[in-house]
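Let the hints inform the model, and build the full structure from the sequences given.
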Amino acid sequence: MEVDREDGRSQNQLRPLACSRNILHRAHGSASWSQDTKVLAAVYGPKAGTKKNENPEKACIEVIWKPKTGQIGKPEKEYEMILKRTLESVCILTVNPNTTTSIIVQVVNDDGALLPSAINAACMALVDAGIPMKHLAVAVCCCVAKSGYVILDPTKLEEQKMKAFAYLVFPNSVHSVLPEGSLRVEGEPIENGIITSVTHGIMSVDDYFYCLERGRAASVKLSDFLRRNLQQQSTDSSKAG
Amino acid sequence: MGLPNASGDLSTEVEVDAFRRLFPLRFYEKHLLESIRPDARPLGRARETTIALGAVASANGSALAKIGSTTMLAAIKMEVMTPSLETPDEGCIAIDFHMPPICSPIVRPGRPAEAAPVVAKQLSDTILSSGMINLKELSLVSGKAAWMAYLDIYCLDADGALFDTALLSAVAAFSHLEIPVVSLNDDGKIVLSEEQGLSDREPVNKEKRKINLSSVPFSLTCVLHKNYILADPTAEEESIMDTIVTVVLDSSSQLVSLQKPGGTVLAYTSAIQDCIALTRQRVKELQKILEEAISGMEVD
Numbered sequence: 001m002e003v004d005r006e007d008g009r010s011q012n013q014l015r016p017l018a019c020s021r022n023i024l025h026r027a028h029g030s031a032s033w034s035q036d037t038k039v040l041a042a043v044y045g046p047k048a049g050t051k052k053n054e055n056p057e058k059a060c061i062e063v064i065w066k067p068k069t070g071q072i073g074k075p076e077k078e079y080e081m082i083l084k085r086t087l088e089s090v091c092i093l094t095v096n097p098n099t100t101t102s103i104i105v106q107v108v109n110d111d112g113a114l115l116p117s118a119i120n121a122a123c124m125a126l127v128d129a130g131i132p133m134k135h136l137a138v139a140v141c142c143c144v145a146k147s148g149y150v151i152l153d154p155t156k157l158e159e160q161k162m163k164a165f166a167y168l169v170f171p172n173s174v175h176s177v178l179p180e181g182s183l184r185v186e187g188e189p190i191e192n193g194i195i196t197s198v199t200h201g202i203m204s205v206d207d208y209f210y211c212l213e214r215g216r217a218a219s220v221k222l223s224d225f226l227r228r229n230l231q232q233q234s235t236d237s238s239k240a241g
Numbered sequence: 001m002g003l004p005n006a007s008g009d010l011s012t013e014v015e016v017d018a019f020r021r022l023f024p025l026r027f028y029e030k031h032l033l034e035s036i037r038p039d040a041r042p043l044g045r046a047r048e049t050t051i052a053l054g055a056v057a058s059a060n061g062s063a064l065a066k067i068g069s070t071t072m073l074a075a076i077k078m079e080v081m082t083p084s085l086e087t088p089d090e091g092c093i094a095i096d097f098h099m100p101p102i103c104s105p106i107v108r109p110g111r112p113a114e115a116a117p118v119v120a121k122q123l124s125d126t127i128l129s130s131g132m133i134n135l136k137e138l139s140l141v142s143g144k145a146a147w148m149a150y151l152d153i154y155c156l157d158a159d160g161a162l163f164d165t166a167l168l169s170a171v172a173a174f175s176h177l178e179i180p181v182v183s184l185n186d187d188g189k190i191v192l193s194e195e196q197g198l199s200d201r202e203p204v205n206k207e208k209r210k211i212n213l214s215s216v217p218f219s220l221t222c223v224l225h226k227n228y229i230l231a232d233p234t235a236e237e238e239s240i241m242d243t244i245v246t247v248v249l250d251s252s253s254q255l256v257s258l259q260k261p262g263g264t265v266l267a268y269t270s271a272i273q274d275c276i277a278l279t280r281q282r283v284k285e286l287q288k289i290l291e292e293a294i295s296g297m298e299v300d
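Respectively, the protein sequence lines represent chains R and E.
Note that the first sequence covers residues 1 to 241 in full-length UniProt numbering.
Note that the second sequence covers residues 1 to 300 in full-length UniProt numbering.
Read the hints as simulated data drawn from the structure, not as lab findings.
A virtual CB, placed ideally from N, CA and C, is assigned to each residue, including glycine.
Do not rely on the hints blindly, as some may be mistaken.
Not close to chain R: a few residues of chain E, all C-beta gaps over 10 Å, as computed [stated by the list, open to error]:
#, residue
1, 37
2, 92
3, 179
4, 284
Examples of chain R residues toward chain E, derived with CB under 10 Å [as the list claims (entries may be wrong)]:
#, residue
5, 52
6, 53
7, 82
8, 88
9, 166
10, 170
11, 171
12, 193
13, 195
14, 204
15, 207
16, 209
17, 212
This is the structure:
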C-alpha cells in the first residue's frame, strides 16, 4: 500500500544517518548520532566503586539524560531507566566488577525516534571508550497508522498523528565463519531476538508482530551502516598513528 | 550440591534458607526444573488478587488492590477548573504514583525509589492512551468549567509487579468514582451542591453519576529466564532474574503497551506470543474479580 509521507520518503526508508565518534576530548568516549534527530552521548568510566543498592560483583552503568529544554521530569527518568537496562544487557559486566560507567546523553534536536537515536549514540560512545560489549544494540522506531500499515523512522509530527509507535532494539547482525545452523536459537538467528521494546498507543497484536518484522529488516540495514562506520574510522586512526 | 532434606530438624531448615540467600539463582533453577516456584505456584499462575472499593471515604473514588503481598491504594479527588483553549470540551486527569518509605526497606525519605517516576509515567501513558475514559464526559460547561481528576496511587507494600497492581487499583478507583453534584452560583462560579432542598439554585448535573469506562486495560508482568517464563514475579524473583516483560491488553484484546526494558535474555517471537497468551488469560481473571468487587459494592 502506497502511503504519502510529508518528506516524500517511502514506507521503509530511513532518514540519512550520520554518526561520528571521538568528538568530545575530555570524555573517555563520545559519539554523536543524527538522523534529523540529533543526540550526543559521552562515556566516563570505568570509575571505582558502585552505588549503594547495586551489586558490587558486577560493573554498574549509570545514565544521565539531559533534555534540550526544560527541567528533568518523569519522561527523562523513564528514558534513563530504559537506556540503563538496555546497556546493562549489552555490556559484559563481569570484566570490571565494582566499577561504575557513566553515560551522559544530551538531546540536541528532537524530531521523532528520540530514544532509538539515544541508544545508538550511547552504543557508539561505549565503543569509542573501549568498554567491552557482547554485541551492539541497534535501535529502530516503527509507527503504526490507523489503516494498519507500518512506517519506519517517523518524524515527530508522524509520531503524534499516528495511532501507535514502537521503539525496538535488536542485537546487531552477525557475520560469522561458523556454519549458519550453529548460531540459531529456537530456529531463529540471534539478531531476531528483542533486547528492548517500548510501545506507545493502542495497536493490535498482529500490528505489533508486523512492526517486529519491519524492525528486524531495518536493523540489518543499520548494522551494515554501523559496521562500515566503525571500520572506516578505525582505519583512519591507524593511519594517523 | 544436593537439595537438603526438607523434613528434618532445625539445622536442615537453616541450610535451605542459607542456600536461598547465598545462591538464589541455583535455588530457583532447582525449582524451575520441576516447573514450580518456591511459593508452590506453577510458572504461569499469578498470585491471589483482591480488590476493595471505597477504601478512602473522603475521596470521590478509591480502591485498594492487592496482588499477593503487593498492595496499592488509589484515590481520586475531583476539582473544577477551566479547560484549556485547545480542548474546551474536555476535562483532565493527573496521575501520580508515590512510593513512601513504608513500602520497601530500600526506600528512605532522602532516597526516593528509582522505580517511582518510571511507573508513574507508564501508568499515565497507559491510562490516557487506552481510551478508557472519554475526557469529554468530564466537561461541565463548555469552555468555562471542566473536571480535573487527581489520581494518586500509594504503594503500601512493594513485592514485585508494581505496575500491574497500580494499574488494577487505578482502574478499580475509576470504576468506583462518583462525580459529585455541582451547581452554578450567582457569580457564575461552580460550587458543590449542598443537600437537596436547601439550595434554590439549578444543579448543573442532576445526580451523582458514575463515569463510563470503555476498553479497560489490564496488565501482566512476566520474567524471562533461559527458556522459562514466570508470570507475576515477586520482588525476589525480579531482583534475581533481570529480564522483565510487561504486556497491557484491553478488554478487546488490543495491545495497549508492551514494555521490555533490556535484560540479559533476548525475547524471540515465541516468547512474546507466550507472554501475550498468558496476559489474555489474566485479563479474563481480572475482569471477573473487578466485576465481583463492583457488584459487591452495589448490593450495599
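Against the structure, the hints:
{"no.": "1", "hint": "37", "result": "holds (22 Å)"}
{"no.": "2", "hint": "92", "result": "holds (17 Å)"}
{"no.": "3", "hint": "179", "result": "holds (25 Å)"}
{"no.": "4", "hint": "284", "result": "holds (16 Å)"}
{"no.": "5", "hint": "52", "result": "holds (8 Å)"}
{"no.": "6", "hint": "53", "result": "holds (6 Å)"}
{"no.": "7", "hint": "82", "result": "holds (5 Å)"}
{"no.": "8", "hint": "88", "result": "holds (6 Å)"}
{"no.": "9", "hint": "166", "result": "holds (8 Å)"}
{"no.": "10", "hint": "170", "result": "holds (8 Å)"}
{"no.": "11", "hint": "171", "result": "holds (7 Å)"}
{"no.": "12", "hint": "193", "result": "holds (3 Å)"}
{"no.": "13", "hint": "195", "result": "holds (6 Å)"}
{"no.": "14", "hint": "204", "result": "holds (6 Å)"}
{"no.": "15", "hint": "207", "result": "holds (8 Å)"}
{"no.": "16", "hint": "209", "result": "holds (7 Å)"}
{"no.": "17", "hint": "212", "result": "holds (7 Å)"}
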